[in-house]
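Asks: Here is what each chain is made of, one letter per residue.
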Amino acid sequence: MNIVQNIWTRGPLARAFLMALLLVSVIPIISLSLLFVRQSTDALTYQMQANLQSLVQAKASEINGRLTEVLHTTEIAADQVEMVLQHEIDPTEVEARLSRYQPDERNILGLDIYYNQQGGASEMGEGLSNVYWDNRLPPSSAVGRQIVQTEVLDPIFASIKGVNPDTKWIYFTSPEGMMRLYPWASNDHYPTGWNPREIIFYSVAEPANNPKLAPRWTPPYVDYAGAGWMTTLSIPVIDRVSGEFQGVMSHDITIDSLKDIALDIHVLDGSGYGFLIDPQGRVVAHPEFASAVDAQGSQAEVNLLEKGSPDFQALVQRMVDGESGLGYFEDESLSEQMLVYAPITTTGWSLGIVVPRTEVVAPAKAMQTRAFFIAAGVALLTTLLAVLLTHILHQPLVRLLAGVRLVTEGHEVKPLELDSFNEVNRLADAFNKMAAKVGERERNLKAKVAELKIEIDIQRRQLEVDSIIETDYFKELEMKAEGLRNRLRLIE
Amino acid sequence: MTKVISIHSFRGGTGKSNITANIAAKLAQQGHRVGVFDCDIQSPGIHVIFGLDTNTIVNTINDYLWGTCQIQQAAYQVFTDAASGGSVHLVPSSIKANDIARILRESYDANAIHNAFRELIAALQLDYLLIDTHPGLNEETLLSIAISDVLLIILRPDQQDFQGTSVTVSVAQRLRVPDIKLIVNKIPPDYDVADVQRKVEEIYGCPIAALLPLSLEVAQNASSQLFALKAPGHPFSEGIQQLVDQL
Ligand SMILES: Nc1ncnc2c1ncn2[C@@H]1O[C@H](COP(=O)(O)OP(=O)(O)O)[C@@H](O)[C@H]1O
Ligand SMILES: [Mg+2]
Numbered sequence: 001m002n003i004v005q006n007i008w009t010r011g012p013l014a015r016a017f018l019m020a021l022l023l024v025s026v027i028p029i030i031s032l033s034l035l036f037v038r039q040s041t042d043a044l045t046y047q048m049q050a051n052l053q054s055l056v057q058a059k060a061s062e063i064n065g066r067l068t069e070v071l072h073t074t075e076i077a078a079d080q081v082e083m084v085l086q087h088e089i090d091p092t093e094v095e096a097r098l099s100r101y102q103p104d105e106r107n108i109l110g111l112d113i114y115y116n117q118q119g120g121a122s123e124m125g126e127g128l129s130n131v132y133w134d135n136r137l138p139p140s141s142a143v144g145r146q147i148v149q150t151e152v153l154d155p156i157f158a159s160i161k162g163v164n165p166d167t168k169w170i171y172f173t174s175p176e177g178m179m180r181l182y183p184w185a186s187n188d189h190y191p192t193g194w195n196p197r198e199i200i201f202y203s204v205a206e207p208a209n210n211p212k213l214a215p216r217w218t219p220p221y222v223d224y225a226g227a228g229w230m231t232t233l234s235i236p237v238i239d240r241v242s243g244e245f246q247g248v249m250s251h252d253i254t255i256d257s258l259k260d261i262a263l264d265i266h267v268l269d270g271s272g273y274g275f276l277i278d279p280q281g282r283v284v285a286h287p288e289f290a291s292a293v294d295a296q297g298s299q300a301e302v303n304l305l306e307k308g309s310p311d312f313q314a315l316v317q318r319m320v321d322g323e324s325g326l327g328y329f330e331d332e333s334l335s336e337q338m339l340v341y342a343p344i345t346t347t348g349w350s351l352g353i354v355v356p357r358t359e360v361v362a363p364a365k366a367m368q369t370r371a372f373f374i375a376a377g378v379a380l381l382t383t384l385l386a387v388l389l390t391h392i393l394h395q396p397l398v399r400l401l402a403g404v405r406l407v408t409e410g411h412e413v414k415p416l417e418l419d420s421f422n423e424v425n426r427l428a429d430a431f432n433k434m435a436a437k438v439g440e441r442e443r444n445l446k447a448k449v450a451e452l453k454i455e456i457d458i459q460r461r462q463l464e465v466d467s468i469i470e471t472d473y474f475k476e477l478e479m480k481a482e483g484l485r486n487r488l489r490l491i492e
Numbered sequence: 493m494t495k496v497i498s499i500h501s502f503r504g505g506t507g508k509s510n511i512t513a514n515i516a517a518k519l520a521q522q523g524h525r526v527g528v529f530d531c532d533i534q535s536p537g538i539h540v541i542f543g544l545d546t547n548t549i550v551n552t553i554n555d556y557l558w559g560t561c562q563i564q565q566a567a568y569q570v571f572t573d574a575a576s577g578g579s580v581h582l583v584p585s586s587i588k589a590n591d592i593a594r595i596l597r598e599s600y601d602a603n604a605i606h607n608a609f610r611e612l613i614a615a616l617q618l619d620y621l622l623i624d625t626h627p628g629l630n631e632e633t634l635l636s637i638a639i640s641d642v643l644l645i646i647l648r649p650d651q652q653d654f655q656g657t658s659v660t661v662s663v664a665q666r667l668r669v670p671d672i673k674l675i676v677n678k679i680p681p682d683y684d685v686a687d688v689q690r691k692v693e694e695i696y697g698c699p700i701a702a703l704l705p706l707s708l709e710v711a712q713n714a715s716s717q718l719f720a721l722k723a724p725g726h727p728f729s730e731g732i733q734q735l736v737d738q739l
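So the protein sequences, as listed, match chains A and B.
Residue numbers for the first sequence follow the numbering used here, so the first one is 1 and each next one is one higher.
Residue numbers for the second sequence follow the numbering used here, so the first one is 493 and each next one is one higher.
So here's chain A without its partners, still in its complex pose (with noise of 0.2 Å):
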C-alpha cells in the first residue's frame, strides 16, 4: 500500500498512468465475472429446478402407468361381465347349477358348504371365486341368473390378479346385492346385516352418485383384511344395447408399492422428500405423516390444504387442481423450501417433491464463491502489475527531476546511476552528459569568481542594516524588545 501511496503522491503522470492500468485490467476483469457469474448462476439454479421438475414428472408417469394398467383391466373385466349377463342360460340348467350354492347358518347363500363338502376350498387349488348373496332379503329369479352367468368369470378374475401384482380383490356387485368376489374368502368375515349396496366401492360407481357413468377411485383407507393402505377402482356395468345399469366391477388394490414410489425419492444428500395427494388434498404419502393412520378401514384424514403456511396451502391447491409446476415456502422452521409437482392424471392424484431451496442455489452458491476468489486474485495480481510498471517508469523520472533541479540552481551532481537501457534511461544518459557540461563550465566559471567569494561588501552592508534601523519601526522595536520577549516568558 506504501508504494502505491508513494505513486499516487508523486505526480499526474504517475497518477494518470497507474488509473489507466487499473482501468483497462481491473475494472474490466471485475465487471466481465461479475456478468459471467451471474448469467451462470441463474443458468446452474434454472437447471437446478428443470431437473427436479423432470423428475418429478417421471415419477408421476411411473405412478400414473401402474394405475392405469388397473384402470384398463377392470374395464376389460367390466366389459366381461356385461358380456356374461347378456348370455342366456336354460331356466333347467340354472336350477341344476344353483344347487351348490347353500345357505349358511346365518342364512347367506354362497359356495362356502359345498367347498367343504369337496374338502376345503384351499385343497380345491386357486382360481375359485365366492357368491354372497343375503337370503333373507326378498328372493327374486334374477339373483339366481346372475349367480349362474358370472361362474364363467373366475379364469378372467385370475388372470386380471396374475398379471397385477397389486391386486388384492376383484368383485362384481348387483344392483340386487349380490356379490361375486375373486379370490374366494368365506363369508363368515362379513358382519351380520352386512350389505355391500350400501358400501362405498358400490355406492360411489352406481348412478345415482355418478351420473357421467365414469370409473371412481375411492380416497385411500386401510384395509379391512389387514392387507395395508388400499384403494378401490369401481366402474358401473351398463347393458351396451338397452343402456341399463346392471351391476358394479370393482378392483382392490394395495397402494404401498405406489407409495413406495414416492417415498423413495431422494434428492440431494437426501435432504429432500417426494410425498403424494389424493384430489382432496388428503395424504395419500407423506414421510411425516406416514403413521398417522393405521386403523383399520379408516381413511387417510391429514388433509395438507389445512397444513403449514399460507403460500404451502395455495400451491397444494394448485396440486389438488391437477397443475403441473413449482413454488416456494416456508415450512415451520421458517426455513424456505422448492415444491415441485405434477398430477397423476388417472386417480386425479398430485405427487410432490420437497427440496430445501438452498439445496437448489447451492451449487450456484458454490461457483460464486469460487469465482469471487478467483476474480479478486486476478484484481490484486493486475494490481500489483499496474503499480510496479508504474514504478519502474516512474522512478528514474523521479530522480532525473531531482537532478535537473539541482542543475538548475546551479549545483554539480553525480551522474545519474542506469540499471538498464530503456527509453527514459537514455534521456536520463542526455541529462548526465549534458550535466557533466555544465558543471565543467560553472567550475570554470567558479574558479574565476574564487576570490569575490569571501568577500562582504561593508559599505554596502552598512547601507543596508542604516536603512532598517533608522525606520521609526525599528527603533520602537529596539526599545521594546527585551520587554516582548520577557512578556513572552511571564505567561508560564
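If you are wondering where the hints come from, they were derived from the structure by calculation, not from laboratory data.
Treat the hints loosely; a few may be bogus.
[What the hints assert, rightly or not] Mimicking DSS-like on lysine-lysine, the simulated pairs with C-alpha atoms at most 30 Å apart in a straight line are:
#1 307(A) <-> 59(A)
#2 475(A) <-> 673(B)
#3 59(A) <-> 365(A)
#4 495(B) <-> 480(A)
#5 475(A) <-> 495(B)
#6 59(A) <-> 161(A)
Given the coordinates of chain A, work out where chain B with the ligands should sit on it, guided by the hints.
Replies: Frame of chain A, contents of chain B with the ligands only:
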C-alpha cells in the same frame, strides 16, 4: 519556560522549511511540546512536509490576523511521538492566492502576530515555539527576530547569501538576540567542509550550528516527508541531530 526560535534566511529556497520541520519533529521525539508558525505568508509550504492535507485545513494564521478565529483553532497537531508523548502543533499559512493577495494588500498590525505567539504558548503549554520566517527583513520578520531566544540563520555557501546574511546578523545583534547561530545548507560535495566552516565563522563571528551537505536524496524527497526521521543515518539527518542537541 518556552524557548522561542526563529529560523531565517536571506533568500527563499535555502531549506528553511525543511530544517524547521525536521527540528520540530526531533524535539517532539524528545518528549517536548512544540509549536510551529508558518510566517512565510507569501510562499507558505511547511505543511506539506508534515503531510497536512490542505483540504483538512479550516483556519490559518490569516484568519487569526483578520480576527475570524482563535489561534488554537488554527493549530493542527501534525506529529506525535507515542513513546515520549511529544507533539508538534502547526499553525499553517493560507495557500489560497486570494488570501495571500489580501494579506499583502491590507496591512495588519505587526504586533498582532506577537499576540498570536503568546496565546498559542499559553493555550498549548508549549516547550518550544519555532517560527518559519519570511525571507528578507520586513516588519513581522524583525518582530519575530526581536522576540526570539535563538535565531537560526540558514545560508548557502554562495556570494549572494554571504552578503545578505551579514545584514541579518548585524540587525539581530542590534536587537540583542541572546543566541545567534548559523547553519550552512546545500554544501556541494566537492567543497571542503572544514574550509567552509573556518571562513564563515571568521566573517560573521557567530558559531556555526550545523553544516549540511547538498544531497540528491534530500532533493528527491522533495519536501514530501520528514527526511531526518525517514533516513536517520544520512549525513543531512546527522547534521539535524547535531543541531537539535544544541537547542
Ligand atoms: N541539503 C539539501 N540538499 C538538497 N536539497 C535540499 C537540501 N535542503 C533543502 N533542499 C531542497 O530545497 C528546496 C527548498 O527547501 P525549503 O525548505 O522549501 O526552503 P525554504 O523554506 O527556505 O524556501 C526543497 O525542494 C528541498 O527539498
Ligand atoms: Mg519555506
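Asks: Does each hint hold? Answer for all of them.
Replies: Structure-based check of each hint:
no. : hint              : in the structure
1   : 307(A) <-> 59(A)  : holds, 24 Å
2   : 475(A) <-> 673(B) : holds, 24 Å
3   : 59(A) <-> 365(A)  : holds, 28 Å
4   : 495(B) <-> 480(A) : holds, 18 Å
5   : 475(A) <-> 495(B) : holds, 25 Å
6   : 59(A) <-> 161(A)  : holds, 24 Å
When each numbered hint is compared with the structure, no violation occurs for any of them.
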